[in-house]
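Line by line, the protein sequences give chains A and B. To convert, note that position 6 of the first sequence is 6 in the working numbering; the numbers rise steadily by one, no gaps. To convert, note that position 95 of the second sequence is 95 in the working numbering; the numbers rise steadily by one, no gaps.
Keep in mind that the hints were calculated from the coordinates and are not lab data. Please read these numbers as outputs of a predicted model, since none were measured by experiment. Take the hints with a grain of salt, since some may be wrong.
To be verified - Here are the simulated DSS-like cross-link-like pairs (lysine-lysine), alpha carbons at most 30 Å apart as the crow flies:
1. A:Lys246 / B:Lys210
2. A:Lys170 / B:Lys210
3. B:Lys210 / A:Lys77
4. B:Lys210 / A:Lys73
5. A:Lys72 / B:Lys210
6. B:Lys210 / A:Lys148
7. B:Lys210 / A:Lys57
8. A:Lys57 / A:Lys68
Said to hold, decoys possible - Cβ pair distances, simulated, as ranges:
9. A:Arg112 / B:Met250: 41 to 51 Å
10. B:Arg29 / A:Ser95: 20 to 30 Å
11. B:Phe139 / A:Gln88: 21 to 31 Å
Yeah, the Cβ is synthetic: ideal placement off N, Cα and C, and Gly gets one too.
Now for the letters of each chain:
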Amino acid sequence: MSKAPILQVQSITKAFGGIMALNNVSFDVFEGEILGIIGPNGSGKTTIVNCITGFIKKTSGHVLFRGKDISKKPAHKIADMGITRTFQIMRPYYSLPAYKNLVIPLFSPRARRTGGWRGGGRLGDRNTVGIDILEEIGFERDSYVPYKAAATLPTGYLKRLELARCLALKPDVIIGDEIFSGLSMSEIASMVPLIERLQMDGITIIMIEHRLRELFRVANRVMVLNFGEKLMEGRPAEVMADKRVKEAYFGSQEVEEVMTHA
Amino acid sequence: MIKDQRRKERIDRGIKVRSDGIYAMMSWRELTYLVIPRLVLIIGMLILPLVLPGMYWQRVITITCIYALLAISFDFLAHFVGLVCLGGAFFVGTGGYLTAILNTSLGLPPLLTIPLATLLGASLCTLLLLPCLPLRGVFFAIVSLMYPLFAMRVIEALDILGGTDGIIGIDSFANRWVEQYMVIGITLLFLFGVRRLVNMDIGLVFRGVKDNDQAIRASGMNITIFKAIAVFIAAAMGCMSGACLVHIYMWSGISQFALDFSILPIAATVIGGGGTLVGPLIGCLILVPISELLRDFGTLRIVFYSLILVGFIVFRSEGVMVYGQRKYHQFERWTRI
């Protein structure tokens, strides 16, 4: 893990009317690491993703990507630079088969540039690349699953499809908004090695999670948000031991469980 | 008491060519299965002018095709890009007036004015609609409805482009056969062209804009650019129909901005089945002749017309074409449950 921050978030503030969703939050993300962002409901986790990726406008603050200010750029420009995100509420292109879902991101300027698809623009090339990516992410190539309409896929596959949509762009940073939520234990167990492999491929990953136990297994560092403010930041073990974190999560059974087992 | 209950079971026909995207043409049987419906449509359209009695009904077919072009353009924008555009009349008017100007002022023949008016008109319409493209759903629909009304009033109030009299003295086509076959040919060309387009990679992006534009942005693509391309294509179809219309009537006036050109294509799309592209054409083939037949009833015409529309919506809300496709592609049988 190199020590250059790939993404620097500098005192982001976001106010929805009178409500401070994010108050002066700053953190660095280093190249090749997995940073977890946790926090109770309504603590501003998804807002921070939206602010970094340009989906909503920040009230104030800056985001630097490899030292360059990207605060004012529109969402598609930021994605074009290599910061991709998944959505908490998965909305695939329902009417299309799973592999055709990937033809769309493969059509983007970044995918053309980074060679996300090979070939000379003849029809069908993006289809094969799409199926390749799906296989990488856990769709069995020879089964009917990649060819099924996205509307009929179960949640586990939809979450993978969201990740695959990011991978189609050959991203530098993936920001996963609750990749594990809504999945069964066994589905998560099969997702974890996938995340680890993405990290080994050199992709920096920011994970917003509610499933702490699984997150603490893969994350290098964890940041805790509470009521839009940064509570603390540190290695998983440090975070688990922290008293303030316990207080923020008071009442949440899973945390109690994780804390006692730690 | 357990009642004997039945339900209708639908089974896809076991033919390879039906499976989506994989065109395995293995036998004559499968080839004919695939080709026959298309052939029926193409040949049917081509022989229609020959079998119809008299010039009146031949003209009706020409007008039907002009409405069909508009309906296909509406269907494309509404069901494949997610823009419900009520500005069909604006496309017709723009294409019509451009043709009129090119023909009367510059003296260009119809063979040149139609493609020129199509391209110029589509560019103009796209430019003018550009500020509204970030709007979605009903908001875009309302704003796009405003354009033809706006254009009509501007021409009327400023008395430009011939004012309420319009521009007269426009060349007609060489003869009525050229007129009919040109319009029919253009309609079929655009029908199959758009069908091909929506299944290409860029067409998938259009459909993505409709399904989930946030994911398109997250994939590093500018939604507005793709919407603009789609509007250009749709406007080109609208402008081309306007250009043909002006050459047929040899006159261009503010009635080309009339709401008929916005509303009738939508009704045709509803009746024919939205999202099928062929449906709107079928819908126009039903609606326009009916509207002509009902002329005998005078003002009661609108009542009958509305009743027919309501009937279709209540009893076949999915649309004729969707119903037809289902019957063609699936077996149906009753099973006991």
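Q. Can the restraint linking lysine 57 of chain A and lysine 68 of chain A be considered satisfied, given a maximum Cα separation of 30 Å?
A. holds (18 Å)
Run the distance test for lysine 210 of chain B versus lysine 148 of chain A: straight-line Cα separation, threshold 30 Å.
holds (20 Å)
Holds or violated: are the alpha carbons of lysine 72 of chain A and lysine 210 of chain B at most 30 Å from each other?
holds (26 Å)
**Asked** Honestly, do arginine 29 of chain B and serine 95 of chain A meet the 20 to 30 Å range at C-beta?
**Response** Holds, at about 29 Å.
inquiry  = For lysine 246 of chain A and lysine 210 of chain B, compute the direct alpha-carbon distance and say whether it is at most 30 Å.
reply    = violated (44 Å)
Is 21 to 31 Å right for how far apart the beta carbons of phenylalanine 139 of chain B and glutamine 88 of chain A are? Check passed, 26 Å falls within 21 to 31 Å.
Report task. Measure nothing beyond the straight line between the CA atoms of lysine 210 of chain B and lysine 57 of chain A; if it is 30 Å or shorter, mark the hint as holding. Result -> Since the Cα atoms of lysine 210 of chain B and lysine 57 of chain A sit roughly 23 Å apart, the hinted pair holds (cutoff 30 Å).
Using the beta carbons of arginine 112 of chain A and methionine 250 of chain B, state whether their distance is inside 41 to 51 Å or not. Cβ of arginine 112 of chain A to Cβ of methionine 250 of chain B: about 48 Å, so the range 41 to 51 Å holds.
Straight-line Cα separation of lysine 210 of chain B and lysine 77 of chain A no greater than 30 Å?
holds (20 Å)
| message | Tell me if the straight-line CA distance from lysine 210 of chain B to lysine 73 of chain A falls inside 30 Å. | response | Holds, because 23 Å separates the two Cα atoms, which is no more than 30 Å.
Restraint check for lysine 170 of chain A with lysine 210 of chain B, where alpha carbons must lie at most 30 Å apart
holds (24 Å)
Violation of the numbered hints given earlier is confined to hint 1; every other hint is satisfied by the structure.
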